[in-house]
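Engineer: These protein sequence lines map, in sequence, to chains A and B. FYI, in the numbering used here the residues of the first sequence are 15 to 122. FYI, in the numbering used here the residues of the second sequence are 66 to 178.
Hints are supplied without guarantee of correctness; some may be wrong.
In the EDC-like style, the derived pairs of lysine to aspartate or glutamate whose C-alpha atoms are separated by at most 16 Å in a straight line are [stated by the list, open to error]: (1) B/Lys74 with A/Glu54; (2) A/Lys114 with B/Asp103; (3) B/Lys136 with B/Glu117; (4) A/Lys114 with B/Asp91; (5) A/Lys51 with B/Asp103; (6) B/Lys136 with B/Asp103; (7) B/Lys79 with B/Glu144; (8) A/Lys64 with A/Glu80; (9) B/Lys135 with B/Glu124; (10) B/Lys135 with B/Asp91; (11) A/Lys40 with A/Glu80.
Hints listed in this document are in silico derivations from the structure and should not be mistaken for laboratory results.
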Amino acid sequence: QQPVQSPQAVILREGEDAVINCSSSKALYSVHWYRQKHGEAPVFLMILLKGGEQKGHEKISASFNEKKQQSSLYLTASQLSYSGTYFCGTLSGYALNFGKGTSLLVTP
Amino acid sequence: NAGVTQTPKFRVLKTGQSMTLLCAQDMNHEYMYWYRQDPGMGLRLIHYSVGEGTTAKGEVPDGYNVSRLKKQNFLLGLESAAPSQTSVYFCASSYSGVNYGYTFGSGTRLTVV
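Bound conformation, chain A alone (with noise of 0.2 Å):
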């Protein structure tokens, strides 16, 4: 089953903040996080797993709760790269399950 995000389209100006959540109603082990720009392939970001650990490469930040089986990322003053759209996976069986993504565009 595919998580489901929210909010569906967030629009930014340069320097504001933004939530990106991430929901399963399955127990969660662990959250992917990607971005991927218009005509591009998506870009890991981040892995959260159970326990708190976190794994990752970008200057954003992100939670896991397990008992409420979500996850949320968050970009704080946001830049004019981080336009894109935001995707969360979760695991079922040995792949992961994407949600429908998150169109995040930062204006100037």
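Since chain A is already given, all that's left is putting chain B on it; use the hints.
Structural biologist: This is chain B only, laid out in the frame that chain A set:
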């Protein structure tokens, strides 16, 4: 490092024709995946492989077949293309599939007329 390479990048097929999409990775990853992306639908899993010689069905496997004869290659076949298979296809690979991120190829835009 090339990462994940998909060929071809674009293709137009007539209904009923067949074709094979090739995915190659040079990172020695065990896990490989095929997804399709349609507007408003996100990425939907077609098939995946957890190692050389293995394949498994994903969420939307009908009309597709796959093979993983070599660890570095994962092929997606369409035996008889239908307009509903018009989509952007992404291949991805991962070191273990559980606690590691996916590396995606640049995609294949397929149009079936």
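Engineer: If a hint holds in the structure, say so; if it does not, say that too.
Structural biologist: Status of the hints after comparison with the structure:
Of the supplied pair hints, the one linking B/Lys74 and A/Glu54 holds, its CA atoms being roughly 12 Å apart against a limit of 16 Å. Taking the CA atoms of A/Lys114 and B/Asp103, the gap is near 10 Å; set against the 16 Å cutoff, the hint holds. For the proposed pair B/Lys136 and B/Glu117, the alpha carbon gap of about 5 Å is at most 16 Å, so the pair holds. Distance hint between A/Lys114 and B/Asp91 is unfulfilled; the C-alpha atoms sit about 29 Å from each other, more than 16 Å.
Under the criterion of a C-alpha separation no larger than 16 Å, the hint pairing A/Lys51 with B/Asp103 is consistent with the structure, at around 15 Å. Taken as a hint, the B/Lys136 and B/Asp103 pair is broken in the structure, with Cα atoms around 28 Å apart against an allowance of 16 Å. For the suggested pair B/Lys79 and B/Glu144, the alpha carbons sit about 12 Å apart, so the restraint of at most 16 Å is met. For the given pair, A/Lys64 sits about 7 Å from A/Glu80 by alpha-carbon distance, which is consistent with the 16 Å threshold.
For a cut-off of 16 Å, the pair hint linking B/Lys135 to B/Glu124 is broken: about 24 Å separates their Cα positions. Distance restraint check for B/Lys135 and B/Asp91: the Cα-Cα separation of roughly 12 Å lies within the 16 Å cut-off, and the hinted pair is therefore satisfied. Restraint check for A/Lys40 and A/Glu80: satisfied, since their Cα atoms lie roughly 10 Å apart, inside the 16 Å limit.
Violation of the numbered hints given earlier is confined to hints 4, 6, 9; the remaining hints are satisfied by the structure.
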